[in-house]
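Given chain A's structure and the hints, the job is docking chain B onto it.
Residue numbers (this note's numbering), protein chains in the order written: chain A, 1 to 132; chain B, 1 to 591.
Worth flagging that the hints you see were computed from the coordinates, not collected in a lab.
You can trust all of the hints, since none of them are fake.
Incomplete in silico selection of chain A near chain B, CB under 7 Å:
| hint | residue |
| --- | --- |
| 1 | R33 |
| 2 | V34 |
| 3 | L38 |
| 4 | I53 |
| 5 | L60 |
| 6 | D74 |
| 7 | I75 |
| 8 | E85 |
| 9 | W87 |
Computed beta-carbon distance windows for the label pairs:
| hint | chain 1 | residue 1 | chain 2 | residue 2 | range |
| --- | --- | --- | --- | --- | --- |
| 10 | B | R125 | A | F25 | 18 to 28 Å |
| 11 | A | D113 | B | V368 | 57 to 67 Å |
| 12 | A | D58 | B | E483 | 44 to 54 Å |
| 13 | B | A473 | A | L38 | 25 to 35 Å |
Far from chain A, some chain B residues (derived; all Cβ distances over 10 Å):
| hint | residue |
| --- | --- |
| 14 | R82 |
| 15 | D134 |
| 16 | W246 |
The structure displayed is predicted, hence computed values, not measured ones.
Don't be surprised by glycine CBs; every beta carbon is placed ideally from N, CA and C.
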Amino acid sequence: MTNHRRLVEPIAMLAIAEATELIVFANGQGPIRVLFGLAFTLLVPGWAVLRLIRLETDLLTWLGLAVAVSCAVDIGVSLTLLYLEAWSIQLAVTLLVVIVMVLIALDLPFIHDRIRMAAATTVIRLNRGRTQ
Amino acid sequence: MTLPAIARIGREPTQLPLAISGALALGVVAVAFALWSTGLNAVDLSRMNDLGLISVLPPVTVAGPLLLTISFAFHLVSGRPRTWLILLHVVSLIVMLYAIPIIVEEAPRFNVTWRHIGISDVLSRTRGIDPTIDAYFSWPGFFALSALLTEVAGREVTLDLVEWAPLAFNLLYLPALLLILRAASGDERVVWLGAWIFFVANWIGQDYYSPQAFAYFCYLLIIGVVLTSFGRDPDPIWPLPRAWFWPRDRVEEAGLGPRQRAALFAILIGLFAVVTASHQLTPFAILGVVIALVVLRRITTTGLPIVMIVIVGTWLSYMTVTYLQGHLGDMVQRIGNVDTAVAANLTDRFVGSEQHLYVLGIRTGTTVFLWGLAGVGVLRRLAAGDRDLTWPFLAAAPFALFVLQEYGGEILLRIYLFSLPFMALLASNAAIGHTFRHRRLAFAGVLFIGVVLLGGYLVSRYGNERMDLITRAELTGMERLYEIAPRGSTLVAASDQVFWRFRDYEHYRYAVVTDELLESDFSAVFERLAASPNGHAYLVLSRAQRAAFELRHGMQPGEWDSLVQGVDRLPLSRVFANEDVTIYAFTEEGG
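So that you can see chain A by itself, here it is in the shape it has in the complex (with noise of 0.2 Å):
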């Protein structure tokens, strides 16, 4: 991934979470809401996701995917809140947002590099104590 993408696309990510949640709280009508509240629920979820799995692919099977992964985000999501009968769209695009922004959070470079060395760390551990 080229350090371009490595910084545009998470911040053209929160972005456009940040927008949909404003314009969802608004309660604002009009393209801008379908324009902003389709690219979130059907873009952006599965776009982080493979980004953190840092999965190399051409860009038609990389939309496909995320959107598909997107999807199924979006539907645990919604089937939680409806099935606990807290169901809000308000709740709905908050949740995702939160999710979207861990997601974007667990791939920043110093986080991702904590993570992978406390899994080596964790490896070798347990690696030592099946030794001994």
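Structure of chain B alone, referenced to chain A:
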């Protein structure tokens, strides 16, 4: 790299410069679009007969996709184009095939679509899921997504979302389909022809705004990812002979790291879980294909079917209890009842007007043609020394669903759909084998397949359009019905070809009196209305119902009018009428 990138179709030494061939292709695509759209402006839907949309499509509209087919065949076999040019042709084809109703019709087509709008509305309005309403609420995944999308984008866009769904779903199918096709063939010509065949042979029409359309997208994607990211050289279990499943080229390892493998596995599980929560049948189709891949040891994730079975079992055991309590016995009884399935899917369906029977014949012919082509493709692969029977095996796997149940007379349609990616691949092999030597022959083959399937598609796909389309007058009439009828009323229609339940879904009772009206038993119709628990009932007669009676039941012109006269004689009051809808009211006080 984890998933295969789009391989480039190579440029051969004797070719024209790319700029020239590219400009030529762009020009042809532009002309094709111009022809297609010009014709669509002249469509007069009121003149449609039982052949469906094809009866009113001007020849110039058909000339658009035809020209595109010729251009695609030329570029595919010439080896000149870049991948983006072929992609442009395929995307253009998808638009031309699936956007026709969006342009020529006044409202989202197909009555079930409107029911799905109503279910999403219930979830948004009640903020919960009540599984006692009906079966849809035991598999609410897609409707939860629909509720989210319509609310996040604004409720006024609901109809736009619904109307554009077939085009959007088919565009989404493309990347997932390419994953499957690339796992099966290293020849990009075979891959792209397979994609072309898939879209031009997808006349089933299950891509409307529905759980099955979304689940099918996941079906393609799950199989595509499994094959490309977890594929391996086959080593089928005993007694399947290894030599029958050995691919011509070794399966490339995806080169995934352990964390990427785990993450992709989790994504597969997540996608399968949402499919399970959304649709009754698709999880079993996915399971069938994945089990087939495991039996052939074609994938490394041998535990995947077990996880999938646990997910399906858990969902059925806990989340669908309300539905299963009343239906389990009936469902179990239907398993293995092949006679009923054959009757419901074949013999019972071949009824209706002469023109409708012609459409049914074209549908059967298109299916036989595609499956026959797939058979030829298998033979060509074998003749070329490719003994890998994995793909015929996968194409056959969905047929196991036939044993499960007749699925409301639609199981054959679903089997066709689930086997379509593999059939399309094998049919592609019929035109372009492993040995790509005779270019002119290949061009003729691609063109022949493309033109035959295009003709079949235009008749088959939109063959029921006379009853599937919804006019503005019908929309006005049905909206008026919900304004007139108090909650708790019973709404009655002559045919199930009526779009309703899009508002206050759970607050009305619904009944269909087709049999009573076909027997001209008007007193039975009246009794159904009088049986309404709250004393209010409304009978709706509409243009689409008349079309259904003539198309499906072979009713002659004029018979519907005498049927309406019979209804007029009942002690009902006519409370609304426009050119396409008439509403009669029964009330205990007045009835």
